[in-house]
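Using the sequences and the hints given, assemble the complete structure.
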Amino acid sequence: MIAAGSGGNGTGPAAPEPRPGDPGITAELVADHGLSPEEYDKIVGHLGRTPTFTELGVFSAMWSEHCGYKNSKRLLRLLPTEAPWVIQGPGENAGVIDIGGGYALAFKIESHNHPSAVEPYQGAATGIGGILRDVFTMGARPVAVLDSLHFGDLDSSRVRYLFDGVVRGAGDYGNCVGIPNLGGEAYFDRGYAGNPIINVMCLGIMKREQLIRGEAHGEGNTLMAVGARTGRDGIHGATFASEELGEDSDASRPQVQVGDPFTEKLLLEASLELIRSGHIVGIQDMGAAGITSSAAEMAGRSGSGVVIDTTLVPVREPGMTPYEILLSESQERMMVVVHRGREEEVRQILAKWELEAAEVGQVTSDGRFRILEDGRPVADIPALPLTEGCPTYEREGIEGEEVRALREMDLTPYAGGEGDRTADFLRLLASPNLASRRWIHDQYDTTVRTASVIQPGGDAGVLRVRGTRRGIAVTTDCSGRYTYLEPGTGARIAVAEAARNLACAGALPMAVTNNLNFGNPLKPHIYYQLREAVLGMVEACALFETPVTGGNVSLYNETSGTPIYPTPVIGMVGIIEELERVTRHAFREEGDVIVLLGRNTDELGASEYLYAMHGIVGGRPPRVDLLAERVLQQALLAMIGEGLLRSAHDCSEGGLVCALAESALDDGEDPVGIRVRLVDPLPSTALFFGEAQGRVVVSCDPASLERVRRLADRYGVPCTEVGTVGAIGGNFVVESADARIEADIREVGAVYFGALPERMDAQ
Amino acid sequence: MSAYVIEIRVTPRRGLLDPQGKAIQHALDSLGFAGVGEVRAGKLLVIELEADSADEAAARATRMCEKLLANPVTEDFVIEVGRAAAQPEAAT
Amino acid sequence: MRAVVVTFPGSNCDYDCLQVLRKVMGVDTRFIWHREHELGDPDLVVLPGGFSYGDYLRAGAIARFSPIVEAVKRYAGRGGIVLGICNGFQILCEAGLLPGALRRNDSLKFRSHDVHVRVETTDTAFTRAYRPGQVLRIPIAHAEGNYIADPGTLERLEAERRVVFRYTTRAGARGEGGNPNGSANDIAGIVNPAGNVLGLMPHPERAAEGVLGSTDGLGMFESLVAHFARERVA
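Residue numbers (the working numbering), protein chains in the order written: chain A, 1 to 763; chain B, 764 to 855; chain C, 856 to 1089.
There may be inaccurate statements among the hints.
[Said to hold, decoys possible] Covered by chain C, per the in silico footprint, the following chain A stretches (three or more residues, Cβ under 8 Å):
#1 174-181
#2 434-446
[Stated by the list, open to error] Sample of chain C residues facing chain A (criterion: CB under 10 Å; computed from the structure):
#3 Cys868
#4 Gly881
#5 Lys964
#6 Ala1062
#7 Val1066
#8 Phe1083
Please keep in mind that the hints were generated in silico from the structure rather than gathered at the bench. Predicted model, so just to flag it, every value in this text is computed and none were measured. Using N, Cα and C, we set each Cβ at its ideal position, and we do this for glycine too.
This is the structure we're talking about:
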């Protein structure tokens, strides 16, 4: 058993001595651990002495950006986090909301940017693994994953390699565990050339009473390490994830963890069975910073302490030091807190799933995080400063000159468009940012668990909730280009568009999980982006009444000093009250009326048109009127609720014409022609391809048109009949006062569905 | 009893299309590696085994292949028996 | 009628199969764990999709040695009805209950989308509810569904009309991109000579409720229920 008896006997354990073989603490070693001299002084203050090497490692991990949010916490505190339906807000493994009928939904998004940049297949795979564990450790069964991917341009073979590896890795892992992918996004822009953004989101469903938290309370309860053995992989990943990539990041390969989805599946089933059994107090993934963060966070949340003997942890290779064992990020491991005396029952459940479990320590009441090596103390740290004491900073934030100049760029030379607009349209539609994502989704199991009502490719993914009449809709959104050119606007658009996507499916937006991907916050122009984006998100989430229940921060996304576009990814979930009202983006019946809700305005800045046709990232992102957005979405939900609409589709990147094309094409099997006439007095480029916000393309039976109009009027939403749905295989025609697009819809489909495979499978 | 290290190569059966090998061949070709002929992609299994003799080790490895490690419908296998090196960290 | 769905630790379609049989068809259905040695006395055994034991060596290679698959072999030998879907098909081939093998898809990618399969024979317990030549739209989701067998076996399969499902276009035509994985003779599903063991790569259980977009898979479960209703009368 564990030599932990000294915890409660009043004499107090002896302070740890430096361990033979460990390096001495020097200023250089402190700096190598990503800690500033001031932070180091704080550590000495908390301990009342010089830390041991092991303690320095523990602090370094817990006070990294990844675990401690040192540069983002002050901003994150501003986000709205509460609503009557929020059961669990930020600070746990995942957020949880009430979805009615006695059910709760757990969900969370997380980044795996740095690991994926180094080894895309394993990086993405272990990203999926980590986010699944965050959800099932809340007691919820994972029911869907989404991935928000941002890469450089596909012209680069390196980018194609990363993209291909990430999709295969995320696919193989999720497919094996058996969790359907419900969508996400894939975005390509030179702003991500050196540094891909890989964010993965997971949703899980549980009965409300099955909720469990990552807590370690009850003195004398047993800590068990469960699952895979601990190896040397990923040591200091949390610190690694908080540093910039250099030219030599390929050389840091040994730090990358390898995923084992089969073990994950076993862990998933065993964890849910353990939680239902009542034998355990708490459970937590050993994610970033491994045993250190799982044990410290569980103790921190419940105000208790822990003692762990590293020699009791099952290891994959001999000779591992306490430092290595504590900081290893080997995958598919969990820390479980077991009611004292029920260890055998727990072991039996784990044995059924062929999992190893080892008693590695105990819960104490002394509020300390104590680590022993074969009974000898090697770390003894007050738990609270470890989890809550990470210094937080408000940095200087000033907008970069370069961005301001780009935003002020004169776009008039591009506004006209005298040429062949049909050719422009087809060229634009072939852009990887607009073309069909089928190449990705075909590699993901989207139908396992037989609950996928809308599979990837629509505005939002939709799942049925068994045993109820409800559905859950989910989407992820972020246009990095908008956020780059005007961070606050970009973030507001990300929230508004996510909500609009859900509303198009007939869902009421409920809550948000966010992933803040930024560059180095110590640079004033990056901190400016972070601050403005968070403030934009604060405003929009408050207005849409979608509290943020958790998420992830990934900073230092830079390669050789070049930062990514600021990318605050929004993962949003909503509820469809009556699943039979679920609405899809595709036109359905010949003769239906096509109606535009919202108004066409003169927006061209930051558009995909400028990027794909002219290679330009510039201009002002489209204006967004959040209140008008909200009202539009309410009107849309009312129309869907009354069963008036045959289709609804958000109008976003690529503008109105691309939205029309997507609705006409659907999955490509039976594409329909359309005839649309636009009378707005706008230059054709902005009218056809501009990305004005607050617009939704809907279609309805002509007999319902009057009721649609009346509802729109009641909400004060602009409502314009723009055209009609034609026959299968007909022509796709969109015309304005001075320009015209006309093409065979099957030709449009060949471009739309062919673009990504042509780029990816060509060689 | 002695310690043997058995290397088993499992490859797609001769004459069967090997899509993975073909893809690799194509990739090598497009990267400019001249003169690349047929590529076959398979598995290498390295098994440590205690046995009385090399012959016995080989016989047991053959049974392993027939029973589990190779699928006779699609795969061929080749077995090589070596003595385990004295040092535990022998290069492979 | 009573059915069992075999659960391996890496099964991930076990629940889906149970739901369809129990909730949609009203069949008395339970799970049976891979370590069990006896099946009980069911009318139908389903080997569901998933990654039985991780499938790192070859799909289904290890599962075939599990106690429950030994029991399934005895059960099939007595004429019991066995349905293997996706990983279940792979296991049936590895276990020798069906001939041939399933290799990696010719695209070398996991393929997940709807396919069209043509019902080649309605003269089985699994397909009587379909029309001959009916084209079904059913999802696939697999990395190793590329069916292969030696020429003699393929000839025999064809001659004995044991190819039950074949990949086609929506119009029911062979070729023209209907085959998603390179499968020999466009084979999507086959039966054993006695006709009581069926393996197929597509997932009929994912196409059995209107809310999911297709009910084309329902016919298989209806066929089985009708089969046993008839047997009970007989």
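Now for the hints, and whether the structure bears them out:
1. 174-181: It holds: at least three residues are needed, and the segment 174-181 of chain A offers 4 whose Cβ sits within less than 8 Å of chain C.
2. 434-446: Contact hint for the segment 434-446 of chain A vs chain C: holds, 7 residues under 8 Å.
3. Cys868: For Cys868/C, the interface hint holds, since the closest Cβ of chain A sits about 6 Å away, which is under 10 Å.
4. Gly881: violated (16 Å)
5. Lys964: Constraint on Lys964/C satisfied, holds at 5 Å.
6. Ala1062: Where the cut-off is 10 Å and the nearest Cβ of chain A is about 9 Å from Ala1062/C, the hint holds.
7. Val1066: holds (6 Å)
8. Phe1083: Since the shortest Cβ distance to chain A is 23 Å, the answer is violated.
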